[in-house]
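In numbering that gives the first Met the number 0, the protein residues as written are 0 to 240.
A portion of the hints provided could be inaccurate.
Below, simulated DSS-like cross-link-like pairs (lysine-lysine); rule was C-alpha separation at most 25 Å, straight line [to be verified]: (1) Lys162 x Lys132; (2) Lys9 x Lys26; (3) Lys84 x Lys6; (4) Lys42 x Lys6; (5) Lys93 x Lys60; (6) Lys132 x Lys9; (7) Lys93 x Lys42; (8) Lys96 x Lys26; (9) Lys26 x Lys93; (10) Lys26 x Lys6; (11) Lys84 x Lys96; (12) Lys132 x Lys42.
Treat the hints as calculated values from the structure; they're not laboratory data.
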Amino acid sequence: MATEIYKIEKINLVDGTELEIVPLKIKYLREFMTTFDAIRVTKNDQEAILVLSECVRVCMKQYHPSISKTIEDIEENLDLPTVYKILNVAAGIKVDKKSEEPVKDQATNSGPTWETLDLANLESEVFLLGIWKDYDELETSMSMPELMATLSSKRELDYEEKKFLAAIQGVDLDANSKSSDGKQRGQQEWEDLKARVFSGGKARDGNDILALQGPAAEKAGFGIGMGLDYDDLRDPSIMKN
0 MATEIYKIEK INLVDGTELE IVPLKIKYLR EFMTTFDAIR VTKNDQEAIL
50 VLSECVRVCM KQYHPSISKT IEDIEENLDL PTVYKILNVA AGIKVDKKSE
100 EPVKDQATNS GPTWETLDLA NLESEVFLLG IWKDYDELET SMSMPELMAT
150 LSSKRELDYE EKKFLAAIQG VDLDANSKSS DGKQRGQQEW EDLKARVFSG
200 GKARDGNDIL ALQGPAAEKA GFGIGMGLDY DDLRDPSIMK N
């Protein structure tokens, strides 16, 4: 899967035409991976190479649409080493012509698949930036490396904003020590800070039942004002001291 460092390569068609190859945009990567799934039932190298050639035909929809109509277009315009080079850059599928390992095994062991990647969740997080009008536009404009780089930057900016807001309250989110429940202390202190804010100062920390109100209650689906209530039994005279 194309989640590695962004690559740009040059290839040449049989007639000498030079093409620039980059990781596939997500729109085409989806179709690529659907086509690639057929390699799991292939019985020999010839069948596996046929599936990979079909995958390259999908790639040509982005790189050179005029040779993306049939598998014959691929066979007439690209030699096998070039096919393997395209697979590597386009989608991180690595096949070595000189290897004695079956083509099927090489291709399927190349890295993560859709099953190990929560693409919908990643896209929804990036989509919140508000740059794209819909998910189709996002998938047409971004490759997986671009999506992951954008997501990394977004998370870093979100954390810097959290750190600034927490610092105003005297909380250091960069603390490396862990709390008793195994969480990074900085993250735990952030959750505790939010609990105190949303409860109007009544909650001691993120585990206090009083933290389950407002936005926190809505997220959890229950809480104060949403099926839960409480009586304040504390002695007012003690609270004044």
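Status of the hints after comparison with the structure:
no.: 1; hint: Lys162 x Lys132; in the structure: violated, 30 Å
no.: 2; hint: Lys9 x Lys26; in the structure: holds, 22 Å
no.: 3; hint: Lys84 x Lys6; in the structure: holds, 11 Å
no.: 4; hint: Lys42 x Lys6; in the structure: violated, 32 Å
no.: 5; hint: Lys93 x Lys60; in the structure: holds, 21 Å
no.: 6; hint: Lys132 x Lys9; in the structure: violated, 32 Å
no.: 7; hint: Lys93 x Lys42; in the structure: holds, 19 Å
no.: 8; hint: Lys96 x Lys26; in the structure: violated, 28 Å
no.: 9; hint: Lys26 x Lys93; in the structure: holds, 21 Å
no.: 10; hint: Lys26 x Lys6; in the structure: holds, 18 Å
no.: 11; hint: Lys84 x Lys96; in the structure: holds, 11 Å
no.: 12; hint: Lys132 x Lys42; in the structure: violated, 44 Å
In summary, the structure is inconsistent with hints 1, 4, 6, 8, 12 from the numbered list given earlier, while agreeing with the others.
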